[in-house]
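J.: Spelled out from the first residue to the last, the chains are:
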Amino acid sequence: MLIARVIGEMVSTHKHPSHLGRKALLVQPLDLDGTNRGDPVIAFDAVDAGVGDQVLLVTEGFSAMTSVQRPESPIDMAVVGVIDRIDLHALAQTPAAHRK
Amino acid sequence: MFLGRVVGTVVATVKDAALKGQRLLIVQPLTADLKETGKRIVVLDAVGVGAAELIYWCRGKESSFPFLPEEVPTDNTIVGIVDELHLC
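Those sequence lines, one after another, are chains U and L. So the first sequence is residues 19 to 118, counted in the working numbering. So the second sequence is residues 377 to 464, counted in the working numbering.
Hints are not guaranteed to be accurate.
Anything over 12 Å on all C-beta distances counts as not near chain L; from chain U, calculated [said to hold, decoys possible]:
| # | residue |
| --- | --- |
| 1 | Met-19 |
| 2 | Val-24 |
| 3 | Leu-48 |
| 4 | Asp-49 |
| 5 | Gly-52 |
| 6 | Met-95 |
| 7 | Asp-102 |
| 8 | Ile-104 |
| 9 | Leu-106 |
A short, non-exhaustive set of chain U residues, derived as facing chain L with CB atoms under 10 Å [claimed, not checked]:
| # | residue |
| --- | --- |
| 10 | His-32 |
| 11 | Gly-39 |
| 12 | Ile-60 |
| 13 | Ile-93 |
For lysine to aspartate or glutamate, the following DMTMM-like pairs were computed, each having C-alpha atoms within a straight-line distance of at most 25 Å [stated by the list, open to error]:
| # | chain 1 | residue 1 | chain 2 | residue 2 |
| --- | --- | --- | --- | --- |
| 14 | L | Lys-437 | U | Asp-57 |
| 15 | U | Lys-41 | U | Asp-105 |
| 16 | L | Lys-396 | U | Asp-57 |
It is worth saying that the hints were derived from the structure and are not from the lab. Quick reminder that beta carbons are idealized off the backbone N, C-alpha and C, glycines included.
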């Protein structure tokens with residue numbers, strides 16, 4: 019799973035039938051420091067997320083399909099949670115320090 | 377899924393039998409503000425897109441699902457035409 023921010027919505031009328039009735043979001047994956055991690059992607063919305071929300075993004079077929087209840091359909095990404103808060107422990111820094 | 381634009385086609389006579397009749401297209405990946413990003417790739421088409429169309433495509437095993445029950449060996453397939461993007 020990745021942390022990401024919803025930056026927009028996509029409108030499409032001509033698409034695979036399994037995509038009908040599902041909101042498509044433009045989502046920017048983020049690193050833990052909040053900077054962009056690659057280019058934005060398109061994900062279906064399983065949790066009614068909105069623009070500006072920080073969200074949990076799955077980037078693999080099975081989890082994406084099941085979360086939006088579209089089994090055996092061409093869906094590889096979905097928003098599966100809205101993030102309230104991220105707590106990073108100081109311990110997370112130590113392995114890198116040891117490697118020096 | 378990823379944003380892209382159709383920039384070409386590929387013709388291949390000798391190919392896996394399950395690819396027979398499938399359209400092979402070349403897609404340029406795009407950012408949300410429609411700037412080119414990354415390298416162009418070859419994809420299949422599950423919706424009937426035209427030249428230069430703004431599309432979105434799906435990656436991985438699930439990109440073969442539009443063709444079920446036939447098992448088509450593809451790893452990237454166009455699954456929709458983009459009408460509008462609403463960015464904030």
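J.: A separate judgement is required for each hint: does it hold in the structure or not?
T.: Hint by hint, here is what the structure shows:
{"no.": "1", "hint": "Met-19", "in the structure": "holds, 16 Å"}
{"no.": "2", "hint": "Val-24", "in the structure": "violated, 9 Å"}
{"no.": "3", "hint": "Leu-48", "in the structure": "holds, 14 Å"}
{"no.": "4", "hint": "Asp-49", "in the structure": "holds, 17 Å"}
{"no.": "5", "hint": "Gly-52", "in the structure": "holds, 17 Å"}
{"no.": "6", "hint": "Met-95", "in the structure": "violated, 6 Å"}
{"no.": "7", "hint": "Asp-102", "in the structure": "holds, 21 Å"}
{"no.": "8", "hint": "Ile-104", "in the structure": "holds, 22 Å"}
{"no.": "9", "hint": "Leu-106", "in the structure": "holds, 27 Å"}
{"no.": "10", "hint": "His-32", "in the structure": "holds, 4 Å"}
{"no.": "11", "hint": "Gly-39", "in the structure": "violated, 13 Å"}
{"no.": "12", "hint": "Ile-60", "in the structure": "holds, 4 Å"}
{"no.": "13", "hint": "Ile-93", "in the structure": "holds, 6 Å"}
{"no.": "14", "hint": "L:Lys-437 x U:Asp-57", "in the structure": "holds, 21 Å"}
{"no.": "15", "hint": "U:Lys-41 x U:Asp-105", "in the structure": "violated, 29 Å"}
{"no.": "16", "hint": "L:Lys-396 x U:Asp-57", "in the structure": "violated, 33 Å"}
Of the numbered hints stated above, those contradicted by the structure are hints 2, 6, 11, 15 and 16, listed in ascending order.
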